[in-house]
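Chemist: Residue numbers (the numbering used here): 1 to 144.
Hints listed in this document are in silico derivations from the structure and should not be mistaken for laboratory results. Treat the hints with care, since some could be wrong.
Between beta-carbon pairs, the in silico distance windows are [what the hints assert, rightly or not]:
no.: 1; residue 1: T87; residue 2: Y53; range: 29 to 35 Å
no.: 2; residue 1: L99; residue 2: W79; range: 28 to 34 Å
no.: 3; residue 1: P37; residue 2: G89; range: 26 to 32 Å
no.: 4; residue 1: Q91; residue 2: V43; range: 53 to 59 Å
no.: 5; residue 1: I133; residue 2: E85; range: 29 to 35 Å
no.: 6; residue 1: N83; residue 2: V63; range: 27 to 33 Å
no.: 7; residue 1: V138; residue 2: E74; range: 55 to 61 Å
All C-beta atoms, glycine included, are put in the ideal place defined by N, C-alpha and C.
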Amino acid sequence: MLAARNAVACCSRAARRSASTSSHHAEPHAYEGFATPFWRNVVLAGLAGAAFYKFAPKASDSVYLTRWIAMYTESSNYWLDRNAEHTAGSQTASEDTLLFKEAKPALQRRLRYPMVFEQRSPFLHGVGATVDIRDVVVKSDGDL
C-alpha cells in the first residue's frame with residue numbers, strides 16, 4: 001500500500017508541473033570588441049617584443065647572458081666522450097641481452113625413480129640384485 005501511495009504521489013507531482021518556463025527568449029548577445037583585457041595584453045606583448053628587438057645588443061657583442069650561459073655549459077669534447085662511453089655501454093648491454101636470450105638451458109636427464117640411488121641397504125636386496133657402481137663415470141653434455 002505504501003509503495004502504491006509513493007507512486008501516485010510521484011505521478012501527481014509530475015502532472016502538476018507546468019511545461020513552460022519564465023524565460024521566453026534567449027539571452028541577449030553581449031558585444032565583445034577588441035577592448036577586452038586579452039587583446040590589450042596581446043598588443044602590449046607585441047610592443048614589448050618589438051622594443052626588445054630594436055634595443056637588443058648585436059649578436060656579435062659579448063653580452064652578459066651569453067657569457068653566463070657559456071660559463072655553465074660543457075665543452076663539445078666532454079659530450080663526445082660521454083656519448084662514446086654511453087654507446088659502448090649500450091653495445092655491451094645489448095650483447096649481454098642477446099647472450100641471455102639465445103642461451104639454452106642445460107640438458108638434464110631426469111630419472112623416473114631417483115630414489116633408486118638411495119636404496120643402499122644390504123639387507124633390502126637379494127643376492128646378485130646389487131651392482132658395483134664404484135667405476136661409474138658421470139658424463140657431461142660434451143661427452144654425449
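Chemist: For each hint given before, does the structure comply? Return the numbers of the non-compliant ones in rising order.
Modeler: 1, 3, 5
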